[in-house]
Amino acid sequence: MKEIVVLSGKGGTGKTSIVGSFAALAKDKVLADCDVDAADLHLLLQPVAREKQEFWSGQAAQIDSQKCIQCGLCQEMCRFEAIKDFKVDSVSCEGCGFCAHLCPVQAIALRENMAGHWFISDTRYGPLVHARLGIAQENSGKLVALVRQQARELAEKQGSSLIISDGPPGIGCPVISSLSGASLAVLVTEPTLSGIHDMERVLGVCRHFGVPAMACINKCDSNDYNTYQIVRYCHSQNVEVAAQIPFDNTVTEAMIQGLPVVEYRQNDVSRQINVLWETITGRLTN
Amino acid sequence: MIISIASGKGGTGKTLVATSLALSLKENTRVQLLDCDVEEPNDHIFLKPIISESQAVCIPTPKVDEAKCTYCGRCAEICAYHAIVVFPKTALVFAPLCHGCGACSYLCPEKAISEENREIGVVEWGHSDGIQFVQGRLNVGEAMAVPVIRAVKARTSHDGIAIIDVSPGTSCPVVESVKGSDFCLLVTEPTPFGLNDLALAVETVRMLKIPCGVVVNRAGVGDEKVEEYCRKEDIPILLTIPLDTSIAHLCSQGIPLVEGKPEWKDSFLRLFDAIGEMVNERDCSPKR
Ligand code: SF4
Ligand code: SF4
Ligand code: SF4
Ligand code: SF4
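Protein chains in written order, with the working numbering: chain R, 1 to 286; chain C, 1001 to 1288.
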């Protein structure tokens, strides 16, 4: 089973539009939206939920004020300053449980947190596993891991050999969760100074976890000099630049129609995405 | 006053707004810009600050003294993050999973655990042409952004205006960054993705009970749905920046908007005045 993860270091580079197009181009696959914090892929794929499950994760301490003798030990020892006036601020609480172990009268209990939902849905391009993390919840890394695991099980069950995931932004825990053990990372970048900077960092994460990477420069004609810099950088890092996609407002128009670009219109953008897809499949079968 | 700048998702122009707002205000007020997007800090690309000092951000991580350890397994039982595993003859710590809560070292019956500082990132500060500048950087391969964000925020100056550039999303790093702000500015684009992410960001700031307003960037690129949403939710649109290739070109070169196009300075000053009014109104209104 092969799994490709599309990453960008930061949102807004057109990653999701590209994944949406891959969904239309790839045959026999399972799709996974690992951007559980601000998932957008559903806007293009219009999934119909087949299964909806709760995601329970992390814990938060709760003090039983009936039992508490206000000794103050828990507030003193909590390193996350989550306890004040014998009450737990659940936003700051890391759920480490230290306080519950310490309390001399067992007034503290940890309760599981319902942190969101995950779904298995049908789309016109095949099944999609996606999730929705509750507002201000932590452990998006754990939810990403769950989405990937479900996508894997589903792929095995239906005999698909490919998983395409839309990755989360950043380089922190959700990205790490979406990368470990993946076959290929596709890095979508833009020719801006921040784009170059973000790409260097996300490539660092791929290297750290031993996942091979390939690059795609989106809106490549918006700054030729920076595009050239990215190409040079990738070359120096032995990372193939598989496609250069020009800026075109049809990407947004397609988004408004809720369609992947490759289905919405045949133009340079869709042609480059096709090239990208062919290069990826070539790399995967080798 | 603390103003945070968030967006639900990256790439909407948050950095453009944060840097231009700071640059517009600096002539008349003390301004500090704190880049809390520690996974991908970008403000420095625009402001080119001179970094004068830096400090490692560390979390205490346990170290087991095998001479004292009886392999009783208590620490492994206690650790909520499974960062310690005890075998019959060894106790292993998986540092990247450890949150540094201190429970294991305190509760080990043999006092066999001591703590060592482990660096997970860095906080740097300095100045850029009259703006005080602070940023955090999470080390590559590290999972926990929040301690680095806390270290950046610990340097917030309460004298003058502090502008906080927030990371994308709606999860713990965003909450940690936005918490304590007097106002949150949400930057979005008029597209279905922009709207979807904006609605999530609005939910987040509402949960934190922080007043908010919207900046629409790349106006003209998409549809009217963001405006409709703001009207329905009673959220003011405080600034609209049109889709303009010359603006995009400035951004791609790391040139702040108000530097490349000084005529925008007035718009940012008006934006700030509008924020000031909304914050004052709230302070004056009777506590509910
Ligand atoms: S569980 Fe940990 S973080 Fe939460 S209140 Fe208790 S000691 Fe603090
Ligand atoms: S340790 Fe227990 S008894 Fe003491 S203040 Fe905390 S909750 Fe109350
Ligand atoms: S609790 Fe202390 S003695 Fe027991 S296994 Fe852990 S380190 Fe060793
Ligand atoms: S300090 Fe806390 S998180 Fe770290 S290993 Fe010990 S119990 Fe686990």
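Keep in mind the hints are simulated off the structure, nothing from the lab. Here the structure is a predicted model, which means the values were calculated and not measured. Careful: at least some of the hints might be erroneous.
[What the hints assert, rightly or not] One side only, chain R facing chain C, incomplete, derived with CB under 8 Å:
{"hint": "1", "residue": "Thr13"}
{"hint": "2", "residue": "Gln53"}
{"hint": "3", "residue": "Ile63"}
{"hint": "4", "residue": "Gln75"}
{"hint": "5", "residue": "Arg79"}
{"hint": "6", "residue": "Glu138"}
{"hint": "7", "residue": "Thr192"}
{"hint": "8", "residue": "Gly282"}
[What the hints assert, rightly or not] Within a straight-line C-alpha distance of at most 20 Å, the following computed SDA-like cross-link-like pairs (lysine to any residue) qualify:
{"hint": "9", "chain 1": "C", "residue 1": "Lys1179", "chain 2": "R", "residue 2": "Ile256"}
{"hint": "10", "chain 1": "C", "residue 1": "Lys1225", "chain 2": "R", "residue 2": "Lys84"}
{"hint": "11", "chain 1": "C", "residue 1": "Lys1225", "chain 2": "C", "residue 2": "Lys1209"}
{"hint": "12", "chain 1": "C", "residue 1": "Lys1153", "chain 2": "R", "residue 2": "Lys142"}
{"hint": "13", "chain 1": "C", "residue 1": "Lys1153", "chain 2": "R", "residue 2": "Arg79"}
{"hint": "14", "chain 1": "R", "residue 1": "Lys142", "chain 2": "C", "residue 2": "Leu1097"}
{"hint": "15", "chain 1": "C", "residue 1": "Lys1179", "chain 2": "R", "residue 2": "Lys142"}
{"hint": "16", "chain 1": "C", "residue 1": "Lys1048", "chain 2": "R", "residue 2": "Leu193"}
{"hint": "17", "chain 1": "C", "residue 1": "Lys1048", "chain 2": "R", "residue 2": "Ala136"}
{"hint": "18", "chain 1": "R", "residue 1": "Lys87", "chain 2": "C", "residue 2": "Gly1180"}
{"hint": "19", "chain 1": "C", "residue 1": "Lys1209", "chain 2": "R", "residue 2": "Ile135"}
{"hint": "20", "chain 1": "C", "residue 1": "Lys1048", "chain 2": "R", "residue 2": "His197"}
{"hint": "21", "chain 1": "R", "residue 1": "Lys142", "chain 2": "C", "residue 2": "Ala1143"}
Backbone N, C-alpha and C fix where the C-beta goes; we use that ideal spot for every residue, glycine too.
Hint-by-hint comparison with the structure:
1. Against a cut-off of 8 Å between C-beta atoms, the interface hint on R/Thr13 holds, since the closest Cβ of chain C lies about 6 Å away.
2. The restraint placing R/Gln53 at the interface with chain C is violated, with a minimum CB-CB distance near 19 Å, outside the 8 Å limit.
3. Residue-level restraint check for R/Ile63 is violated (minimum Cβ-Cβ distance to chain C is 17 Å; threshold 8 Å).
4. At about 14 Å, the closest approach between the beta carbon of R/Gln75 and any beta carbon in chain C exceeds 8 Å, and the interface hint on this residue is violated.
5. With a cut of 8 Å, the hint placing R/Arg79 at the interface with chain C holds, because the nearest CB-to-CB distance is about 6 Å.
6. Taking 8 Å as the C-beta cut-off, the interface hint given for R/Glu138 holds, the closest approach to chain C being about 4 Å.
7. Look at R/Thr192: its Cβ gets to within about 4 Å of chain C, closer than 8 Å, so that hint holds up.
8. Contact between R/Gly282 and chain C, as hinted, is not supported at the beta carbon level, the nearest pair being about 29 Å apart and thus beyond 8 Å.
9. Among the hinted pairs, C/Lys1179 with R/Ile256 is inconsistent with the structure: their alpha-carbon atoms are about 33 Å apart, more than 20 Å.
10. Restraint check for C/Lys1225 and R/Lys84: the C-alpha separation of about 42 Å exceeds 20 Å, so the hint is violated.
11. Taken as a hint, the C/Lys1225 and C/Lys1209 pair is broken in the structure, with Cα atoms around 24 Å apart against an allowance of 20 Å.
12. A threshold of 20 Å between alpha carbons decides the hint, and for C/Lys1153 with R/Lys142 the separation of about 26 Å lies outside it, so the pair is violated.
13. A hinted pair counts as satisfied when its Cα atoms are at most 20 Å apart, and C/Lys1153 with R/Arg79 qualifies at roughly 17 Å.
14. The hinted pair formed by R/Lys142 and C/Leu1097 meets the criterion: a straight-line CA distance of about 12 Å does not exceed 20 Å.
15. Between C/Lys1179 and R/Lys142 the alpha-carbon distance is near 24 Å, which puts this suggested pair outside the 20 Å criterion.
16. As the CA atoms of C/Lys1048 and R/Leu193 are separated by approximately 12 Å, the hinted pair is consistent with the 20 Å bound.
17. Of the pairs offered as hints, the one joining C/Lys1048 and R/Ala136 is violated, with about 32 Å between alpha carbons and a cut-off of 20 Å exceeded.
18. Restraint check: the Cα-Cα separation between R/Lys87 and C/Gly1180 comes to about 19 Å, which is no more than 20 Å; the hinted pair holds.
19. Note on C/Lys1209 and R/Ile135: the hinted pairing holds, with a Cα-Cα distance of about 13 Å set against a maximum of 20 Å.
20. Among the hinted pairs, C/Lys1048 with R/His197 is consistent with the structure: their alpha-carbon atoms are about 14 Å apart, no more than 20 Å.
21. Only pairs whose Cα atoms come within 20 Å are accepted, and R/Lys142 paired with C/Ala1143 is accepted, the gap being roughly 12 Å.
Of the numbered hints listed earlier, those contradicted by the structure are 2, 3, 4, 8, 9, 10, 11, 12, 15, 17.
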